[in-house]
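So the chains spell out like this:
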Amino acid sequence: MKITGARAVIKALEDNNIKYIYGYPGGAVTPLYDELLNTDIEHILVREEQSAAHAASGHSRTSDTVGVCLATSGPGATNLVTGIATAFMDSVPLIAITGQVSTSMVGTDAFQEVDITGITLPIVKHSYLVKDASEIPQIFANAFHIANTGRKGPVLIDIPKDIQLTSFEYVEPTKPKLMGYNPNYYPNIKQVARIKKILEKSKKPLLLIGGGAVYSKCFKELEELFEKVNAPILTTLMGKSAINNNLENYFGMLGLHGTAASNYAINQCDLILSLGARFDDRATMLTDNFAKNATIVHVDIDPAELGKNITTHYPVVSDIKNFLDEFNPIIEKLDYSNWINDIKKLDEKYPMKYNKENINPPMVIDRLCNLTKGEAYICTEVGQHQMFAAQFYKFSKPDRFVTSGGLGTMGYGLPAAIGVAKANPDATVINICGDGSLQMNFAEIATALEQNLPIKLFLFNNSSLNLVRQLQYFGSNKRYSGIEFTCNPDFCKLVKSYPNTEAYRIDDISQIDDVINKALNNGKFTLVEVNTQTTEIVYPVASARLGVKKLDYFDGEEILY
Amino acid sequence: MEHTISVIVENKAGVLTRVSGLFSRRGYNIKSLAVGETDVPGISRMTIVVNGDEKTIEQVEKQLYKLIDVIKVIHLTDEEFVERELVLIKLNVSKSTRTEILQVVDIFRSKVIDMNVNSFVIEATGTTSKISALEKALQPYGIQEIVRTGMIALSRGAKKSKGVSIK
Ligand SMILES: Cc1ncc(C[n+]2csc(CCOP(=O)(O)OP(=O)(O)O)c2C)c(N)n1
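Protein chains in written order, with the UniProt record's numbering: chain A, 1 to 561; chain B, 1 to 167.
Possibly wrong hints are sitting among the right ones.
Straight-line Cα separation of at most 20 angstroms, DMTMM-like style, residue types lysine to aspartate or glutamate; simulated pairs [said to hold, decoys possible]:
1. 12(B) / 135(A)
2. 308(A) / 53(B)
3. 308(A) / 58(B)
4. 62(B) / 83(B)
Facing chain B, a subset of chain A residues (Cβ under 8 angstroms, in silico) [said to hold, decoys possible]:
5. 81
6. 85
7. 123
8. 129
9. 181
10. 246
11. 304
Hint data in this document are derived by calculation from the structure and do not stem from the laboratory. Beta carbons: idealized from backbone N, C-alpha and C, even for Gly.
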């Protein structure tokens, strides 16, 4: 059977169960767009390519399929870069397809040519420039395998236009066999047994859960671990979505904006059992002071993470689920009540709190969490609102938190929410945003509407890039620079200018529940705007210089561990 | 400390860029890099000399392994190995210096591979220190140009380096 390169691409996507592809057309991908008319795969036309990558990322993170995005050569391809980097930093499986100028013109600085494989080299797990149409089936088979196994990540496939048009004799791809790529998913059994012993000897262990546990889909196995090992549980930002946040032993997020209790626990513990956390600097702060008295057991699927940022005493290369499958059966019940009570006391003394007098983001997010029972998909942008969401939205179901943790990409939330809503048609999908971030990609409101996605935007409007303001408050002696927006639109009017939308403004505490309920139940794309103060600060703030040894807890109240 | 590592790679487009990019991106300084095909078609061996402490080298190795086209990373500094580098040196000569230079060439067991009235091209192979010594010995006569291939290395003995089986 002879088929064209473009048909081969679409066939590869069909064979990999792809139902949606997020993209934006251009001259170098017209053959692919033509083929899209002959398939059941639905193309979702975004308003800018960056959003195609973010939407595919949101889709990927909250479904069983890999997200796919498509862009033309040159400017289309470069617009994908931020999205690819975002996926890379958060280990999100993604296939990015770009068109390229025809092979005869590659390397000539032709119209709309960029070396996108070169540009993206440091931010992809792997990439291909297709040189022969007959390679397409195998390249795609490999690409899906690479993107979705081991430590997951984005794979870019750059396809010259003439190759999309070339016909070739189709040969079914073989199972990917890549000489140098054999990710290890299973732990060394002896090492697992050793860790059991270490844990039994420990007096003050803690369980640190990271984003790797989310990707490993080990919610059940983690619950079993928590049931057996009655020890404090902490998560990183990315790990929040791996566990039920209402667990009694869960003390919240550690690090820069982590809880007092969790940062205290890190300082006091004698053992960290880290499952899928990579000891990012936002979590550890200055590593010299990090968990000084602790033995560190680090389980991660990526060997390069072990010992990268901090010294690991017991490294284990494994998928988290596979590790727990070995670990859970061999451990007896272990109880560390005294140690837990110690932390609980601190947690009671220094709880996460917010001002109850005036309306503010934590208050609204707290109510939102209550009224959605912690079950909504929460996407965020990047800024104070993101940190507030992480602190005050208590997820009761796994896999519900979609935020750009590694790269911290403003403009991520709305397009990601589109992908999440596409992947989970009946779910409540909320994007918590700031006015700065929303304006980075707010053209995607139209995409959401075209797709009939009743996404809810919770906008905390302070007419300012407030997380930066906060940095300047602490770090630049309150010399504020480049953070103020003096020409924001009337966001409610803006959203209402699109057909079939709703927009509400909350001005008073008494309106919060009512507006949230209306927003959740109206079945429409909805904006809820809350005007907030620029004086808002995300507390606690750990002192970067001192690691997590010192916390500015609330309004200048300091805790030194 | 200086480390010599062999990286066995699939000879795919861009693999050299991926490997060297990995070093530059992470601020690891490559001292020398030499590439050539192995006895297995489609598979190349890179010899990379890099400076760094144990921790850096461990990261280098792990990061190299993350590249899809990298099949094997061998830390030669961990075992006994032989290393060689090839150098070509273009040198000024005159009637009066010719004999002296030939003596130097002889002492270092190097060769003159091109000559004309006022220049020689000298070829030498050896360890880095030998080549540096030769360079120093020839310096006084006036070196015009010099080119070095970078270090290549293999483990000693009959056995293949640990874990290398690529056939
Ligand atoms: C693309 C991008 N540019 C710049 C930044 C730096 N940055 C981090 S937070 C922030 C301010 C965010 O403002 P806003 O979205 O209004 O949220 P707020 O902090 O006010 O809640 C900025 C500019 C970033 N993270 N991403």
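Checked hints:
no.: 1; hint: 12(B) / 135(A); in the structure: holds, 13 angstroms
no.: 2; hint: 308(A) / 53(B); in the structure: holds, 13 angstroms
no.: 3; hint: 308(A) / 58(B); in the structure: holds, 9 angstroms
no.: 4; hint: 62(B) / 83(B); in the structure: violated, 23 angstroms
no.: 5; hint: 81; in the structure: violated, 15 angstroms
no.: 6; hint: 85; in the structure: violated, 13 angstroms
no.: 7; hint: 123; in the structure: violated, 10 angstroms
no.: 8; hint: 129; in the structure: holds, 7 angstroms
no.: 9; hint: 181; in the structure: holds, 5 angstroms
no.: 10; hint: 246; in the structure: violated, 37 angstroms
no.: 11; hint: 304; in the structure: holds, 4 angstroms
The structure does not agree with the numbered hints 4, 5, 6, 7, 10 stated previously, though it agrees with the rest.
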